[in-house]
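J.: Protein chains in written order, with this note's numbering: chain A, 1 to 234; chain B, 1001 to 1044.
Just so you know, the hints here were simulated from the structure itself, not pulled from any lab data.
This structure is a prediction, so every number in the text was calculated from the model and none was measured.
Don't take every hint at face value.
[Unchecked claim] Here chain A is said to cover these stretches of chain B; the calculated rule only asks that three of the stretch's residues, wherever they fall, bring their Cβ under 8 Å from a Cβ of chain A:
| # | region |
| --- | --- |
| 1 | 1002 to 1009 |
| 2 | 1020 to 1030 |
| 3 | 1035 to 1043 |
[Claimed, not checked] Derived CB-CB ranges, DEER-like:
| # | chain 1 | residue 1 | chain 2 | residue 2 | range |
| --- | --- | --- | --- | --- | --- |
| 4 | B | I1022 | A | G144 | 26 to 36 Å |
| 5 | B | F1010 | A | A225 | 43 to 53 Å |
| 6 | B | I1022 | A | L17 | 12 to 22 Å |
| 7 | A | G145 | B | A1031 | 20 to 30 Å |
| 8 | B | T1041 | A | V207 | 30 to 40 Å |
| 9 | A | V44 | B | L1036 | 48 to 58 Å |
| 10 | B | L1036 | A | T176 | 51 to 61 Å |
| 11 | B | F1010 | A | P175 | 19 to 29 Å |
| 12 | A | A184 | B | G1023 | 38 to 48 Å |
| 13 | B | V1013 | A | T176 | 27 to 37 Å |
| 14 | B | E1043 | A | V31 | 51 to 61 Å |
Cβ coordinates follow ideal geometry from the N, Cα and C atoms, glycine included.
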Amino acid sequence: MLLAMPTARASDARLLLGAAVTLLGFLVVPVLVAGAPLERTMGVVQKIFYFHVPCAWLLMLSTFVCAAGSLAYLFRGSEGGDRLAVCSAELGVLFGLCVMVTGPLWARAAWGVFWSWDVRLTASLLLWLTLIAYGLARRYGGSGGRRLAAALALFAAADVPLVYISVNVWRTLHPTTRVVSSLAPGMRLPFFLSLALFSALWCVLLVVRLRVESARARILELSIAVEDVEAMSS
Amino acid sequence: MTYVALAYGFIWVAVLGYLGLIGRQVARLEAEIQDLRQRITHER
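Chain B extracted, bound-state conformation (with noise of 0.2 Å):
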């Protein structure tokens, strides 16, 4: 049964490790938009 629930909580691990990975690159997507944003408003 260990080897069973290792197997399964590993997915799980991986997938929420890998949902972390995506929210980092949105986070840094939205700071290069904040920059565009300034950048704008500044030619402006």
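Next comes chain A alone, as it looks inside the complex (with noise of 0.2 Å):
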């Protein structure tokens, strides 16, 4: 199995029993939310939130990673950095897949529509995009593909601030972000827990993923050497 070669036999160690310790929060974790307070509003359908803001700071974090990343790539030529540019721009992608389909969710419950085009949503929305087409750009691109998507990488950090601060500056139908240091005392444990899980969750694909585009790198350098060989040799 190409993850388990024995130089990395520690560090799969760690990270099987980070995929287990996920796993097992995973599964601990609904009950914890089925178990917390009422809130008196929205009754059950409130607890979509303990899994929404997380997808949603896990949108954000994958974002700042990949213009990270991206800015590692543009300015030093970090091939290390454009993978982990790569990766976290996935991660983006999933966990912004999670956001567009629990908000929505939680909003036709809450509000009684699916969608709002108001600041919240549209920027969220526009950040899920830029994360797409980083994916696009750097498949579909040509031999400027990589630098394309780097800065569209950077556009999409430029982005996060503005999903982040639009509740407190617009008026908007989404919650604010002062939502979270309000929380009724029942309700802490279960979501910042969530919070834990998930960011767990992230860094275990994080590092798998990272893996995967490692080995592809080392393969595509074994493929050249061999070519080499085989054109000298014939």
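Dock chain to chain to rebuild the complex, using the hints, since each chain is given by itself in its own frame.
T.: If you want it as structure tokens, here you go:
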């Protein structure tokens, strides 16, 4: 198995432990969320908050990590930075998709509509679409695709502060960022545990994906070397 | 409750789907390693 090379046994063990803890947590969190107090106005549907907010946090974190890797690639030519950027952009698309599905489900029950073109929702959609554009630019952008994608990552990172502050600056349907600090005591443990577990899942997925990307780079180098040897011997 | 279950269920499906995609990438890389191994053996 590619992910189980002898040189990586210690990190394999850490990765497996991380994956096991995350999996266990994902089985426990729904129980804690189910036991959390009901919010007075929204009732049961408010419990989507415990999954929606961690996904939104990971969308923003992925974007910043992607931008940091892209900066390293653009200004220092770092291949490692480029690999980090592509892996975190994928995770941004994954958790962004979860935000785009869980948010409208919550909105349908709380506001009566699946979608409203207010600043928070529109800026979040723009952020998610920019990360998708990042992947498309890499795949179909030709020789300059990686540089174009890196520039898109910086554009995406510039959108993150707008997403975050939008609910405090403009009048929107979406709850403000003060919701987290004003949570009832019984809601805090399930929320922060859920946030920690989603973050742990993000770390596990990032490490796995980075290892695949590093292996791909090594295999590419090896195939070029083998091709050189074949060309010399023929 | 249906919306909450749908939201949590969707997250599981999305994460498992992503793991499936990573699994396919690993299988493709293993095939490439096998191909390289055969070419190196042939060169020797």
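J.: Now, for every hint given, state plainly whether the structure supports it.
T.: The hints, checked one at a time:
Only when three residues or more bring their CB closer than 8 Å to a CB of chain A does the claim for the region 1002 to 1009 of chain B stand; here the count is 5, and the claim holds. With 5 residues bearing a CB less than 8 Å from a CB of chain A, the region 1020 to 1030 of chain B meets the requirement of three and the coverage assertion stands. Given as covered by chain A, the region 1035 to 1043 of chain B passes the check, having 4 residues with a CB less than 8 Å from a CB of that chain where 3 are the minimum. For I1022/B and G144/A, the Cβ-Cβ distance of about 27 Å falls inside the hinted range of 26 to 36 Å, so the restraint holds.
Taking the beta carbon of each, F1010/B and A225/A are about 44 Å apart, inside 43 to 53 Å as hinted. About 19 Å separates the C-beta atoms of I1022/B and L17/A, a value consistent with the hinted range of 12 to 22 Å. Taking the beta carbon of each, G145/A and A1031/B are about 25 Å apart, inside 20 to 30 Å as hinted. In this structure the supplied range 30 to 40 Å holds for T1041/B paired with V207/A, their Cβ-Cβ distance being about 32 Å.
Restraint check, V44/A to L1036/B: a C-beta distance of roughly 55 Å satisfies the suggested window 48 to 58 Å. Between L1036/B and T176/A the beta carbons are some 55 Å apart, a value that agrees with the proposed interval 51 to 61 Å. For the pair F1010/B and P175/A, the supplied restraint of 19 to 29 Å holds, since their beta-carbon distance comes to about 21 Å. The given range of 38 to 48 Å is respected by A184/A and G1023/B, whose C-beta atoms sit roughly 41 Å from each other.
The given range of 27 to 37 Å is respected by V1013/B and T176/A, whose C-beta atoms sit roughly 30 Å from each other. Between E1043/B and V31/A the Cβ separation comes to about 58 Å, which falls inside the hinted range of 51 to 61 Å.
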